[in-house]
Amino acid sequence: MAQPQPQNVFAPWADPAEKPLIRFEGVTKRFGDFVAVDDLNLDIYEREFFALLGPSGCGKTTLMRMLAGFENPSEGNIWIGGQNMKGIPPNRRPVNMMFQSYALFPHLTVWDNIAFGLRREGMDKDRMRVRVDEMLRLSRLEKFAGRKPHQISGGQRQRVALARSLAKAPKLLLLDEPLGALDKKLRQDTQFELMDIQEKTGTTFVIVTHDQEEAMTVASRVAVMDHGKLVQVATPAHIYEAPETVYVADFIGDVNIIEGTVIPAQGNRVDITYAEGKPPIRAATDKTLVPGQRVSFAVRPEKILVSREMATERTNAVKGRIEDIAYLGNISTYHVRLDSGHLVSAQMTNRNRLERREFTWEDEVWLSWTETAGIVLTE
Amino acid sequence: MNGRLTWFNVTSLTLGFAFLYLPMLILILYSFNESKLVTVWGGFSAKWYGELLRNEQFLDAFWVTLRVGLISSTLATVLGTMAAYVMVRGGRFFGRTLFTGMIYAPLVMPEVITGLSLLLLFIAIGLDRGIFTIVLAHTTFSMCFVSVVVSSRLVTFDRSLEEAALDLGATPLDTFRLVTLPIITPAVISGWLLAFTLSLDDLVIASFTSGPSSTTLPIKIFSAVRLGVSPEINALSTLMIAVVALGVITASLVSKNALRRQRREKQEAFAA
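Chains as they are written, first to last, in UniProt numbering: chain A, 1 to 379; chain B, 1 to 272.
Read the hints as simulated data drawn from the structure, not as lab findings. Treat the numbers as computed from the prediction; the structure is a model and nothing was measured. Hints are not guaranteed to be accurate.
[Unchecked claim] Heads up, incomplete: computed chain A residues facing chain B, CB under 10 Å, no partners named:
| id | residue |
| --- | --- |
| 1 | Val9 |
| 2 | Arg65 |
| 3 | Gly69 |
| 4 | Pro90 |
| 5 | Val95 |
| 6 | Tyr102 |
| 7 | Ala103 |
| 8 | His107 |
| 9 | Leu118 |
Ideal placement from N, C-alpha and C gives every residue a C-beta, glycine not left out.
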């Protein structure tokens, strides 16, 4: 990730002089024999919107609960704002959390829920009233201040939970699958709202999610986790365009993985033979590869062009037959069976109306992509 | 439910209710009997109720029972709630299973044994038997019931509520006081009511642990009946039935209302 960053872009992780807000230092967490988090090192910087992404059981929730203080690391140290968190209980950490279930106090009104943390701080009445009203305004809940949690809708409850966790103006806000319970439309709106609030308050957000689309939308950096380890930590664009492993490429978005053997070509290009008697795939790569090395070639469906005639201006072109078409409205995904037996999916924007669609089932088509469209992965 | 009253339904309903309530109905009827003979109907009268109010012995026993019930059920609620909290929330401490088992054991213990063992204990430590010993005895057996009721509520309690309170800066004690306790209050109240009712009806344990100056109402009724059933006893029992029925009806109406209100508010929230 040592690529040069343009000026004025938010990227504290690229600046060696920057001090991290959170530092995980060789953190391991075991539950009996099960290793939930395995010797993990990670720095998270102030004002970041950091996403922990992974399938369930990958250790992302455990990592977050250790930040909040609900679990203690079996080994290693966690630092927040330069302070070692060892032995510090949740109620004395500069961290607030928004729970997956929202965990609103059912016996208190929306107003009292938001004021709960401020009361524990011993804030005086007038300042508290101002602060709670400010949070109600921020989350557009002014009209519901006197209601109990069971008297408001799911989306409103989610906003109360957010307002409550932000009321104390924590250095760090943890969000545990915050949008899991909302339907898709509301979730998308809320994602932008979250980003907006994060920007306005300048709080560092750490979000746990299994929804890669959500992580891509909101986060400044994404950490992909698997079996208690970090697989890759990078910006969403970098994770998508330059995944370091097959696991990451496969986890984020759709991808075609074709395995083959390397023949070095001129420049920083390689040829990958994937099937006998077929011309190899030519791809650009920075990696130094030895001839005969086994690699995986990964290419995203939207980078592949489907055409009737062979597209000569593109380096790679293969012939196949359409097996399936998934029509999604704005785009269609074509599942094409190559002569070599590989099934490749390609995505095309539906510029024409459905009746004037160019391709249909069982059509012979050409798939083509440029040499920089895909990436070569060694693990 | 497709509610049709077939002859079968009606018969089973009648038989069932007769089985449950016929004895009580007869008791209530005879409490208004003019005659002193319990089995002979001598016309309608409320005179036994007046007699009852002038009977110092019954009144004394009533106040003893009330005091014992109030104090022991309150103590049992505090102790039972604490025990339930430890059992559900204490994690896997050493001897937890044994402790849990020992809390539940008195539920199935014959009352005679509980009473006898308490009596032996009080004699051994030289405690004079009186109201105090009955209170202790009732607290002992009813706290198990309270802890069963409260722990069944705690098991379904969403722990993230407590974590949220801690996260917002509440100390563990504040968390219990401000979040856990208010939410489990309905269970605590029903535990208290259960303990109070158990204390009201208890005859066996009270008769082991009571002293000469402290006779509870069930003991009084039982000893009076041994000398023959008087219409006064019928009147007293009718009053007790009335009090219990009133309590049960009120409690169910209150909870039904609360449920209906909550449902309506929820509908309004989603309609908005």
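Taking the hints in turn, this is what the structure says about them:
With its C-beta approaching chain B no nearer than about 33 Å, Val9/A sits outside the 10 Å limit, and its interface hint is violated. The criterion of a C-beta within 10 Å of any C-beta in chain B is met by Arg65/A, whose closest approach is roughly 9 Å, and the hint holds. A cut of 10 Å between beta carbons decides the hint on Gly69/A: the least distance to chain B is about 8 Å, and the hint holds. Evaluation of the Pro90/A hint against chain B yields a held restraint, the C-beta minimum of about 4 Å falling below 10 Å.
Proximity of Val95/A to chain B holds as hinted, the smallest CB-CB distance being about 7 Å (cut-off 10 Å). For Tyr102/A, the interface hint holds, the least distance from its beta-carbon to any beta-carbon of chain B being 8 Å, beneath 10 Å. A hinted interface residue such as Ala103/A counts as satisfied when its beta carbon comes closer than 10 Å to some beta carbon of chain B; here the least separation is about 4 Å, so the hint holds. Given the 10 Å rule on beta carbons, the hint for His107/A holds: about 5 Å separates it from the nearest Cβ of chain B.
At about 9 Å, the closest approach between the beta carbon of Leu118/A and any beta carbon in chain B falls short of 10 Å, and the interface hint on this residue holds.
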